[in-house]
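Residue-level listing of the chains:
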Amino acid sequence: GQQVMQIPQYQHVQEGEDFTTYCNSSTTLSNIQWYKQRPGGHPVFLIQLVKSGEVKKQKRLTFQFGEAKKNSSLHITATQTTDVGTYFCAAAFYNTDKLIFGTGTRLQVFP
Amino acid sequence: DVKVTQSSRYLVKRTGEKVFLECVQDMDHENMFWYRQDPGLGLRLIYFSYDVKMKEKGDIPEGYSVSREKKERFSLILESASTNQTSMYLCASSSPGGSEKLFFGSGTQLSVL
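Those protein sequences? They're chains A and B, same order as listed.
With the first letter of the first sequence counted as 1, position 67 gets the number 483 in the working numbering; the numbers rise by one all the way through.
With the first letter of the second sequence counted as 1, position 72 gets the number 585 in the working numbering; the numbers rise by one all the way through.
Just so you know, these hints were derived from the structure itself, not from any lab.
Don't take every hint at face value.
[Unchecked claim] In the SDA-like style, the derived pairs of lysine to any residue whose C-alpha atoms are separated by at most 25 angstroms in a straight line are:
#  : chain 1 : residue 1 : chain 2 : residue 2
1  : A       : Lys-475   : A       : Thr-497
2  : A       : Lys-452   : B       : Met-601
3  : B       : Lys-614   : B       : Val-532
4  : A       : Lys-514   : B       : Gly-610
5  : A       : Lys-486   : B       : Gln-598
6  : A       : Lys-486   : A       : Gln-453
7  : B       : Lys-614   : A       : Glu-431
8  : B       : Lys-568   : B       : Leu-626
9  : A       : Lys-514   : B       : Glu-582
10 : B       : Lys-614   : B       : Ser-593
11 : A       : Lys-514   : B       : Lys-584
12 : A       : Lys-452   : B       : Leu-554
13 : B       : Lys-570   : A       : Thr-443
14 : B       : Lys-614   : A       : Asn-511
15 : A       : Lys-514   : B       : Arg-527
16 : B       : Lys-570   : A       : Asn-440
17 : A       : Lys-475   : A       : Asn-511
18 : B       : Lys-516   : A       : Thr-443
19 : A       : Lys-486   : B       : Leu-554
20 : A       : Lys-486   : B       : Lys-568
21 : A       : Lys-452   : B       : Leu-591
22 : B       : Lys-583   : B       : Pro-552
23 : A       : Lys-486   : A       : Gly-456
24 : B       : Lys-614   : A       : Val-429
25 : A       : Lys-514   : A       : Lys-475
26 : B       : Lys-614   : B       : Met-540
27 : B       : Lys-614   : A       : Gln-474
28 : B       : Lys-568   : B       : Glu-582
29 : A       : Lys-475   : A       : Glu-431
30 : B       : Lys-584   : B       : Leu-554
31 : B       : Lys-568   : B       : Asn-597
32 : A       : Lys-452   : B       : Glu-582
33 : B       : Lys-614   : A       : Ser-468
34 : B       : Lys-570   : A       : Tyr-510
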């Protein structure tokens with residue numbers, strides 16, 4: 417079936433350090449979405465990328481979609497303790513409405 | 514404010530019991546989904562529905578069924594609960610089309626003893 421690989425599984429950083437999580441699919445994607453889940457919470461939508469090579473920014477967060485639309489990354493510059501949580505990518509494939517989630521990257525930020 | 518409501522935050526059931534997990538959304542969304550979340554495995558799709566009385570299997574439908582009698586309500590049913598179904602269950606809804614974001618409920622932590 418359709419799968420999305422996400423790495424790393426965990427990342428511990430010192431506050432102020434950068435953080436990146438990556439998602440890869442063997443199949444070309446229709447679009448990719450990113451979600452954040454705070455500890456004890458539910459996933460909340462962050463952004464959607466649709467176009468090949470697309471780059472979007474939200475303050476310290478930078479999202480990229482690969483040229484082949486098979487991979488994506490989320491980069492956080494100068495992490496803060498409020499960035500703690502698990503970040504999921506969710507891949508949309510052509511001809512279906514379902515989203516396939518990556519396994520998530522759990523980010524821990526030490527002050 | 515948009516809302517997806519799951520009937521229980523925590524649930525404890527015994528092996529072999531029939532379990533109903535309820536989800537209601539107030540956004541008039543056509544699409545509704547049930548995921549389960551387990552450590553290290555991310556969110557895995559159990560079932561989804563595009564319309565009333567319509568359902569499709571996700572990636573892990575075994576041991577589950579669903580019901581969608583009304584547009585706003587999507588129920589997940591465990592016919593005979595087993596210990597390996599202990600998990601966090603998340604309901605979500607979205608507008609139709611593969612480009613629409615999901616709105617999640619707060620989740621139900623189910624423990625099967």
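> Has the given pair, B:Lys-568 with B:Asn-597, been kept, meaning a C-alpha gap of at most 25 angstroms?
Replying inline: holds (23 angstroms)
> Between B:Lys-568 and B:Leu-626, is the straight-line Cα distance small enough, at 25 angstroms or below?
Replying inline: violated (29 angstroms)
> For the pair supplied as a hint, A:Lys-475 and A:Glu-431, is the alpha-carbon distance within the 25 angstroms limit?
Replying inline: With a Cα-Cα distance of about 16 angstroms, the restraint between A:Lys-475 and A:Glu-431 holds, given a limit of 25 angstroms.
> Is the straight-line distance between the alpha-carbon of A:Lys-486 and that of A:Gln-453 25 angstroms or less?
Replying inline: holds (23 angstroms)
> Are A:Lys-475 and A:Asn-511 close enough, with their CA atoms no more than 25 angstroms apart?
Replying inline: Between A:Lys-475 and A:Asn-511 the Cα gap is close to 33 angstroms, so the pair fails against 25 angstroms, i.e. violated.
>> So if I understand the rule, the pair passes when the alpha-carbon distance is 25 angstroms or less; does A:Lys-486 with B:Gln-598 pass?
In response: violated (32 angstroms)
> Does A:Val-429 lie within 25 angstroms of B:Lys-614 when you go C-alpha to C-alpha?
Replying inline: Distance ~29 angstroms between B:Lys-614 and A:Val-429 Cα, so the pair is violated.
> Under the criterion that the straight-line Cα-Cα distance not exceed 25 angstroms, is the pair A:Lys-514, B:Arg-527 satisfied?
Replying inline: Measuring from Cα to Cα gives roughly 31 angstroms; hence the hint is violated.
> Is B:Lys-614 within 25 angstroms of A:Gln-474, Cα to Cα?
Replying inline: holds (17 angstroms)
>> Does B:Gly-610 sit within 25 angstroms of A:Lys-514, going by the straight-line distance between their CA atoms?
In response: The hint holds at about 9 angstroms.
>> Would the hint linking B:Lys-614 and B:Ser-593 be met if the CA-CA limit is 25 angstroms?
In response: violated (32 angstroms)
> Between B:Lys-516 and A:Thr-443, does the CA-CA distance stay at or below 25 angstroms?
Replying inline: Not OK: B:Lys-516 and A:Thr-443 at ~33 angstroms, beyond 25 angstroms, violated.
Consistency with the previously given hints fails for numbers 3, 5, 7, 8, 10, 15, 17, 18, 20, 21, 22, 23, 24, 25, 30 and 32, ordered from lowest to highest.
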